[in-house]
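Asks: Mind docking chains E and F on chain Z? Use the hints.
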Amino acid sequence: MSSGRVKVSGARNFLAHTPGLVRYGSKPTREIQSSDTAEAEILAGLRGYGQAAAYLPNVAYLGGFPPDNMWDVERPWYNKNGEYSRRHPYGEIMPEDEFYGVMRAGDDFDLLWLEESFNDEVRQKLLDHPYWSEGDLERLDKGTPLSQIEEQLAPELGNLPMYLQSGRLIGVINRAHDLDASLFSDVLLENLATKAAAVMATKTLLGDLGVEADSIPYIINCGEEAVGDRYQRGGGNLAKAVGEVCGCTAATGVDIKAFCCGPNHAIAVGASLVYSGLFERVLVVGGCSLAKLGMKYQGHLNNDMPIIEDVLAGAAILLEKQDGEGPIIRLDSVGTHPIGAGGAQAKILEELVSKPLKKLGLTFSDIDKYATEMHNPEVTEPSGSGNVPQLNYNLIAALAVRSGQLERSEMQAFTRKHGMPGFSPTQGHIASAIPFLPHALEGISGGELTRVMFLAKGSLFLGRMTQMSDGLSFIIEGDG
Amino acid sequence: MKRTAEKAGTEDLIVLLGTPNADSTELYAITMTEGDPAWAGALAGVALGLPVYHVTENEVKSQVDPDIYDEEIGIAEMVLEIDEIRESAKSVRDRVAAATT
Amino acid sequence: MDLRGKKVIALGERDGIQGEAIGKVAKSAGAEVVLEVTHCFV
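Residue numbers (the working numbering), protein chains in the order written: chain Z, 533 to 1012; chain E, 62 to 162; chain F, 145 to 186.
Hints are supplied without guarantee of correctness; some may be wrong.
To be verified - Calculated pairs, DSS-like style, for lysine-lysine (alpha carbon to alpha carbon, straight line, at most 27 Å):
| hint | chain 1 | residue 1 | chain 2 | residue 2 |
| --- | --- | --- | --- | --- |
| 1 | E | K151 | F | K171 |
| 2 | Z | K879 | E | K122 |
| 3 | Z | K879 | F | K171 |
| 4 | E | K151 | F | K151 |
| 5 | Z | K853 | Z | K891 |
| 6 | Z | K949 | Z | K891 |
Think of the hints as simulated: they come from the structure by calculation, not from any bench.
Just chain Z, same shape as in the assembly (with noise of 0.2 Å):
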């Protein structure tokens, strides 16, 4: 097989801090149901714009701060407040009331009513985002009357109160049937919102780099949520609904679906089509998960820490054919968790990781930086979940041991070396590798780093049609 080198040109970070939705996570939900405490508990947990924009991980996430430095930040991070910023280089974090105008500018069957005086609130605010025009804004021509929004409030509607942080009541989210649980209120907001993220995440990619909208034929999105209605619960190609909103009129798509260890699939296959000469270019999107909102926040509230599950992700890639500049992704590196490997630890990673580093003629030390389960630990580590990353950097040194290329006594230096403190949001597939893509291109350009590998993994059990787990890796580096 030919080394397969196809050019990734580009990716953004998006975050959206909507603390009004954390109640609509799916733990929060539930708590919410059958707690009479949770609802005032969690509204009470939420933190504001300004810590959340100031708040190491998502800095680091949205390029603001190097990942390897967090070594050094002594934590905790979430009471290190001060200044912030909006936008960072590889992408900003946008306040709430401007992401419902996004779900509002996206939404073709009027599920989303915005009350109107806020409905003109946050059109003129879009406005002034470098990245919408008037001729995007159309849906939002003309906001609600709050007494209407009142009416379909009416408890035997099943139609969902939009808030903001502030408990201002700014719209409803209607269901789209009354019957169809796929169209019910709760599926159109995930669906909605996970649209809203990719499609801001896309237009900030194609704004930052100056790529034509109408350039892009093809799209694969690969966030977690599912589109359909009854007969087809998970129909699906938001992909091509995402680009239609970003003007992206030369393109179709589709949606490749692996759990956490869709993007990475979606990167591979997404490298193919171009390497093959189907198409000149392929955008990847993912949009979040508004599902895990909140989803550990009792590990929170109990350890005296804000709610920190309170933004949205999403993220866009665009691959392109190779041209001698810029950094390529080797589709002859590529590992896969074959069926056969099962489930021991040591068999997956020796799949993942070791097989491909010998085909290429590498040594575990030769990757300067491992990407892999980036979560941030401050948020899993109170609700007893661990330090996904450290985890998976130590499973990595301990492979490298076992491989005879690393002393016992050396593992510790190996993570710190080739690894980073987590700061991904919890947001499923957005962290699973390629929260690291912005940073990792940016570095192969500069010269500080050689060659990263992106290593993904997959809950697919948690469907129940399978005991199995996935996962999936590629190396991205230097042209030349």
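Replies: Same frame as chain Z, now just chains E and F:
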């Protein structure tokens, strides 16, 4: 879980954990013995009273073919805080034993 | 504690020790595996 326990009969039923740290080991051990500890989960109020061991404990490891153990578990043993994990599982068992005597 | 002849519920975690791995280990000790579950902490 409850369905399996009921179907299999709790006599001769043992739980083996593969949890990666002391916290989660304790949480799952308590859940399988006393029922869901903190919140309303699937096992709330259901005391299964099952014996729980972590797969890395010597009581388990000593009974396993060493090659198979190394293949399936060896690498995890190198990176997990095995002492803390073992202590976590044992302390839950001790607590349950003390409460029932 | 003797695993031989016992019935085992195997509860694993994806990035640690997966349910299937625990199951293999239990079988080699002579137990019957009645349930294998792997959790995902993230």
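Asks: Does each hint fit the structure? Answer for all of them.
Replies: Now the hints, each set against the structure:
1. K151/E to K171/F: Holds. K151/E to K171/F sits at ~22 Å (cutoff 27 Å).
2. K879/Z to K122/E: holds (20 Å)
3. K879/Z to K171/F: holds (19 Å)
4. K151/E to K151/F: holds (20 Å)
5. K853/Z to K891/Z: holds (24 Å)
6. K949/Z to K891/Z: holds (23 Å)
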